[in-house]
Every structure is written in C-alpha cells, then in structure tokens.
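Visitor: The primary structure of each chain is shown beneath.
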Amino acid sequence: MRLRLEARQQPSRTMQWASPVLAAVLAALGGGVVFAALGHNPATALATLFLQPLATLDGLAELGLKATPLLLCAIGIAVGVRANVWNIGAEGQLTLGAITGGGIALAFGGDGHWWTLPLMLLAGAAGGAFWAAIPALLRTRFNAHEILTTLMLSYVAVQLLGWLVHGPWIDPEGFNFPQTRMFADDALLPVLLEGARLHAGFLLALLAVPLAWGLLSRTATGFRLRTVGQAPAAARYAGFSADGAVWFSLVLSGALAGLAGVCEAAGPVGQLQPLMSPGYGFAAIIVAFLGRLHPVGILGSSLLMALLYLGGEQLQVTLQLPIAATGTIQGMLLFFLLATDVFIDQRLVWSPRHA
Amino acid sequence: MTARLALTGITKRYGAMLANDGVTLSVQPGEIHALLGENGAGKSTLMKIVYGVVKPDAGEIAWEGTPVVIADPNAARALGVGMVFQHFSLFETLTVAENIALGLGSRQPMAALVAEIRQVAAQYGLAVEAGRQVHHLSVGERQRVEILRCLLARPKLLILDEPTSVLTPQEAEGLFAMLRRLAAEGCSVLYISHKLQEIRALCTAATVLRAGRVVARCDPRQETAESLAEMMMGGALAPASRPAARQVGAPCLSVGGLTLPSQEPFGTTLRDISLELRAGEILGIAGVAGNGQKELLAALSGERRAAADMVRLDGQGIGALGPAARRALGLAFIPEERLGRGAVADFTLAENAMLTRLDDRIAPHGLLDLKAVGALAARLVARFGVRCASIQAQGRSLSGGNMQKFIVGREIDAQPRVLLAAHPTWGVDIGAALAIRQALQDLAAAGCGVLVVSEDLDELLEIADRIAVLSGGRLSLPMPVAEASVEGIGLLMGGAAHAPAA
Chain W
1 MRLRLEARQQ PSRTMQWASP VLAAVLAALG GGVVFAALGH NPATALATLF
51 LQPLATLDGL AELGLKATPL LLCAIGIAVG VRANVWNIGA EGQLTLGAIT
101 GGGIALAFGG DGHWWTLPLM LLAGAAGGAF WAAIPALLRT RFNAHEILTT
151 LMLSYVAVQL LGWLVHGPWI DPEGFNFPQT RMFADDALLP VLLEGARLHA
201 GFLLALLAVP LAWGLLSRTA TGFRLRTVGQ APAAARYAGF SADGAVWFSL
251 VLSGALAGLA GVCEAAGPVG QLQPLMSPGY GFAAIIVAFL GRLHPVGILG
301 SSLLMALLYL GGEQLQVTLQ LPIAATGTIQ GMLLFFLLAT DVFIDQRLVW
351 SPRHA
Chain E
1 MTARLALTGI TKRYGAMLAN DGVTLSVQPG EIHALLGENG AGKSTLMKIV
51 YGVVKPDAGE IAWEGTPVVI ADPNAARALG VGMVFQHFSL FETLTVAENI
101 ALGLGSRQPM AALVAEIRQV AAQYGLAVEA GRQVHHLSVG ERQRVEILRC
151 LLARPKLLIL DEPTSVLTPQ EAEGLFAMLR RLAAEGCSVL YISHKLQEIR
201 ALCTAATVLR AGRVVARCDP RQETAESLAE MMMGGALAPA SRPAARQVGA
251 PCLSVGGLTL PSQEPFGTTL RDISLELRAG EILGIAGVAG NGQKELLAAL
301 SGERRAAADM VRLDGQGIGA LGPAARRALG LAFIPEERLG RGAVADFTLA
351 ENAMLTRLDD RIAPHGLLDL KAVGALAARL VARFGVRCAS IQAQGRSLSG
401 GNMQKFIVGR EIDAQPRVLL AAHPTWGVDI GAALAIRQAL QDLAAAGCGV
451 LVVSEDLDEL LEIADRIAVL SGGRLSLPMP VAEASVEGIG LLMGGAAHAP
501 AA
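Chains as they are written, first to last, in this note's numbering: chain W, 1 to 355; chain E, 1 to 502.
Just chain W, same shape as in the assembly (with noise of 0.2 Å):
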C-alpha cells in the first residue's frame, strides 16, 4: 500500500474559508503541546496567549493598534499576490514610509501646522512606494524577481534607519541613545480612546478593507489585475499590461505599507527608532493568505496575528517564556493553513501497490 494525492474533482468553497480557522485551531494545538514540553500548563499558557489580551478595554484597543500596521501591509501583499506580484518586503517599505514620515515632522520641529501631520501620512505613502518601485523598475526592465528585490530592499531600508537615528537625526539631548526627538503634538496622530495608544491610523487601515474589495471586484482596473494574475496568456490575449500591473500592485503595496511605518512613528512610537516594527511587515505575509486574499478575511487575520503578539507579550510577562514562542506559533499557523490548504485541492488516497 501506499498514499497519494489524487486532484478533487470540485474543491469545496466551505473549505476554503474554513480551513483559515482550522489552521488556527491547529495552531494553538501545536501551541499547547510546545508549551507543555516547557513545562507549563498547556491550558494556562493558552488562556493567557488568547483570552487574557481581550478581557478589557484597554486590551481591545491595543489589539486594534497592533492590528493597524498588518492590516495596511496585509492588504497591499493581497491586492499584489491577486495579480501574482509577489511583495515580500512590506517591512523595508513600512521602515521607509516611518522615515520619510518622521522626517517631515522633524523638519518642523516644534512650529508645525495644522497640515503637518497630513503630509507626513502622504510622505509615509509615497516613502514606501518609492521603495517598492525600485523592484517594479527591476522587474519590468531587467526581469529581476520581485520576491528576491523586495525581501533584500528590506534589510538596506532598516540599515538606512539604523543609520539616520544613529547619526544625522540623533537626539542632541538623549543621552546618546540611538533615537530621535520626540515629535511635536501636532505631529502625533489623534488618540481615538481617552488614556489609550489606539490611533486614528486604526480607521485608515479599516478604511483600506472596503478600498480594496472595490478596487479587486468593481473596478476595470481591479479585472485586469486579477486577469493578469489568474491567466498571464489570457492578458495577453485581452491586451492587459502585465508590467502594469506590477507597477501598479508593487507601488500600491508599498504606499500602504508606508503608511503603516509613519502610523507607527506619529502614533505609540511618537519618534523614530532603529527599529519601527517588530516583524509586521512580515507577519502581514501569513495575515495576508491566512485571509484568504480577500479584504474582509484579511480584517479577520490581522485582529488574530494582532492578537498573537499581544499575548506573546503576556506570555514573556507572566510566564516568563521567550518571545521565540510567539514565532513559534506564527509559523505554525501558516504551516497548518498551507496543510489544511492542500487537501482543499486534493485528497488523500490509499492505493495498492503495483507488481
């Protein structure tokens, strides 16, 4: 006997959006089996990772802080991998978008205006898609793969920050620490709930969900895009640019990612750090798939990533265990979608060996 895979005849449509929650089920399965291999209880541990973070007020928002960040970079992944671009460096991008951002409010110090916190959303954008163009550029004229060029950008984005908070934008009267000046008042985004870190970058972000679904099924351009990802020879056929819509994907991907930097830097940052983001840019990857592409499923994924890092934190808090563990389940949870995935498409047979 032996196992094999035989293709489904029909894939279940079920399926497809249960096994997103299957894979989380399984992940925090895996979870608790890791958790009691280091000698906890796996039921404690669990409760505190996925209940503790939502028992109040103050939690719920700082779930929607953390969830602001995967959404907008989520998002952007989405909007791409429908057109089969590939942006794997949403973090590079975020990082360039809190820079150029934080530079505008650095520029006006203490004296800024009533517009000065709209521009630096717009500079955060534009930061981000500038960074994401470079591997449009790349891709449409020299055929470098976009997965390689954006993951790469990422690590010279965070080298540039490095190197600005470090140097040139140094806070004269810190101490010699490694960060900015704090930015001025009207340089921070309002705070949505009194005496929280919740920030108005939370309602942009909601914003983009139905942004998006109307651009991927209501818009001519949104056809081409998923014309072009779907079915490369019938775009071809049909006259849709395929270098456009890596240009379009690719720069759309990077203002939102963008965005999401200069939100971190103007709201619970308040200043630029050598690092803006613990990984979001990343984790928006699995946000991104673990919501099956589409913007409502990705609101979805990113309050449950949100949701695993702050209780990552309770975790070290608490229990005293390492941030890895937070990984740990990340990773899972993408493993089990990928599994769960698989027998969406196929199913498992057991067949006779032949003489």
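It should be emphasised that the hints constitute simulated quantities derived from the structure, not laboratory data.
Any given hint might turn out to be false.
Said to hold, decoys possible - Covered stretches of chain E, going by a simulated chain W footprint (3 or more residues, C-beta under 8 Å):
| # | segment |
| --- | --- |
| 1 | 212-226 |
| 2 | 298-312 |
| 3 | 346-360 |
| 4 | 364-371 |
C-beta atoms are modelled at their ideal positions from N, C-alpha and C, and glycine is treated no differently.
Given the structure of chain W, go ahead and fit chain E onto it with the hints provided.
Guide: For chain E alone, kept in the frame of chain W given last:
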C-alpha cells in the same frame, strides 16, 4: 476467433456524470476499429480505461479471451497495448533514438537500438532519422517517432487519438498505408477520429458512442459520412448554408512584407508575409501545425508588435499597436486555446464576457457596471445557445464546445470590422461546430472580413472563399476555393512547392 480486446459493460462515473455507461466493445485481431463520437461522448475515458490510466467502476476487460485488470499503463504495455496520444511527449533537445530509449526504458546499447529502429522504420515505411534531434523534426515526423516508439514494443493493439489533425493529406495517406500493413500482420488498431471521410476510407468496423453509451455498431465502408454523423448526433444535420457568391468589398486588413524573427527557441520565423483580406469574404489559412500559424496570429492580433505599416486595418497602420488598441479599432480575435487564453477557468461567464469587452459601456470611468456586464453575458448565452448553469458559472464548468461558442459569440457580438479565428471548431462537437461555422458565414455576409486559420482542410474548403497555405513561415498566394484541390494544397502544406509571396 477470440477477440483481441473485449470490453463488457464498462461503466465509469464522474460525480453526477456517467462518462461510460455499460459500454461493450470488441476488437478482432487485424481489425482497424473506429471509435466514433462527439466530444464528451466518452471516447477518451474509454481509451484511458483500456490504457490503464483510469479504473472503471464496473465492467470487465478480456484480453485474448482472458479476463484482466489493467492497473496502470505499464500493465497495458505489458499486455501489448500501445497508445499514440494527440499531444506528443517528446524531449525536444534529445535525438529520436534517445527519446525512444527513454520511452521503452530499454537497457540495450544505443547502437543495437538504433539498428532496431532502422529496421522497424523500414518495415513500415516510417521515414525517420534516428540520430536527429527532435526539435528539427516536423510535426508529422514527431508523430512517426511516437508511433515507432509504440511499434518497437511489438504491440498487439495500437490506439491512435485523432492522429491526422497534425498531418498533411499526403502524410495522412502514408499513415493509413502503414496502419493497413500493421493490421495485415495481425495487429489490431483502435482509431479515434471525428473525420468521417477518413474513417470510411480506413476502418473496417466502427463503434459509435453517444452520451457514454454505445448507440451503433457498423461497417463504416457501408455507410455515408452523413449517416455516420447522424448516428453520432442522434438526429439529422442541417448543413451550413453557403451563399452562392458573397458580396466582396474593399480590403479591410492588409499585410505587406511582414517579417518577424521567432522569439522562441523552436518557434517559426515569419518571412515576407503579404495578404489582403476583403470585407465580406472568408480567407482560409491552411497549413500543418507549427508552420507559423501561432506567430502570424500573434502579429495580426497585436500580441506581437511589428512596424506600423506591416499591418493595416482599413488603411490605417496598426502594426505597432497592442491588442486592446487594435480591438478598439474593430479587430476581434478568437484564439486557439479556450481556457487560459480565450477565457479564464476560474472566472465566471460574466467576468469572461468582460475580458475583451471592457469598454465605456461596461466600465464607465473605470468602474464596472455589473448590470451591463450581466446583460452582456446573458445576451451571449442566449444568442449563441451556450449551455451553462448560469452566467455566474465558472469557465471551467463548461464543456469545450460550449466555452468555444461563448468565446466566438463574444467576439462576433463586438461587431468587428475584421475577425481572426484560430481553429474555431477544434475539438468541438459537430453540433457546435456547425453553429460556429454558420456564425462565421453570417458575419462575413454582414460585411466583416473573416480570416480563419485551421488545420482542418475540409472545414476551410467548406467555409472559405479563398485559401492560402502557410508553410515554414511563408504564405502562398491565395487561391479561390473553386480552383483549389486537396492535392495541390497538400503539396503546398508539405512545403514541396513555394508559390511566390504576393
């Protein structure tokens, strides 16, 4: 006499569809047996069962009187079944002998194998040079390599799936002679084709399938093409009406001195192609596959750009424009492949309707008007008799013939000045093929210039006003159909004689 192969009550179900329903079929030694049926009648499923690719749900297979279970193609080959598929599986960069050695899994030294290939090739009159690399070979030669590969295994039953679709009439005659010699030696042949004339000329028995069931057994030599077609269809055919003489107008598409080097390693270079398509006529382009059809169509449709003056639409140079711009000027195109090119498998029919119709009515200011999209798709489905669950059905759920009707309908409904059609009825059942040919005739009668590229010479002779032949990237002078002969066209297709380009 014991039958070589006897199938009894073979049944295979795919979900709700019965692909084979109690099929009984027997093939005698030395018999050339035709398997006839429209697309979707269950011919391919049945052959896959015989070749061990698919397992039947019920029924028995007897090989020379003994019940057998054919678990996989290896088991089929061990019994003595050889199969030549429609699509070849040869490595382009290997030689003929290397390809055959790989296919046989033989361990004998190459020199011995080459000697054996020469001997078998000579025995059956298959002219193939064992040392040549496959990418140098014509499609007809490649088919001979596939057949040789089967013959070296000394088969007792050879299955051929639509083998003449890639051959010139002369090459087809050579194939028939070879099959007759093989049959005379006692080998059985199962021959799948939809070309009724060649079945009448070649086969000594026929089994007709319709909707998975055997509906008739006959001796095709005693039947007419019409009676065979009626058995397949289950009803009388209304032949496409052809007006005696069409009103031919001014040239609408003209090509002059079109030369385009091939972009692919094994593609064809177009050499100094000139043609003139007039409003209201159907111009047929005949030729064996791989002689530049793909490249010519790409240059005409705009997927490949050339100098502006090389292609003119109503006098305007469009050679440098892309497909969308050409379409906006009134040039429609029915591509060769349906799913993946002419339509997207995962898109609904409504979305597929938009593929080439994304204009201001469908998407004012770039926003899709879903009502207009739905109305367009519904109109195409109704006007061209597309059978589908709804306009929300996915492209992949339609049968090949219905998808093709939808694509043809979408392009005709755009009211083009010029329509390019690549193999418009390839692999489509007879009913759909008739409807598509009639639609092309009607379009020409309404004053559109229609250019049809097809490997089916009978089809071109039926619908075209003039025929030109593409061979080795060169286009012959077009000749009126009334003056064309199958032999003359066949010679041009084989590249034997080049008419000087106009």
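Visitor: Now tell me if each hint is right for this structure.
Guide: Quick rundown of the hints versus the structure:
{"no.": "1", "hint": "212-226", "in the structure": "violated (count 0)"}
{"no.": "2", "hint": "298-312", "in the structure": "holds (count 3)"}
{"no.": "3", "hint": "346-360", "in the structure": "holds (count 7)"}
{"no.": "4", "hint": "364-371", "in the structure": "holds (count 4)"}
The earlier numbered hint that this structure contradicts is number 1, and it is the only one.
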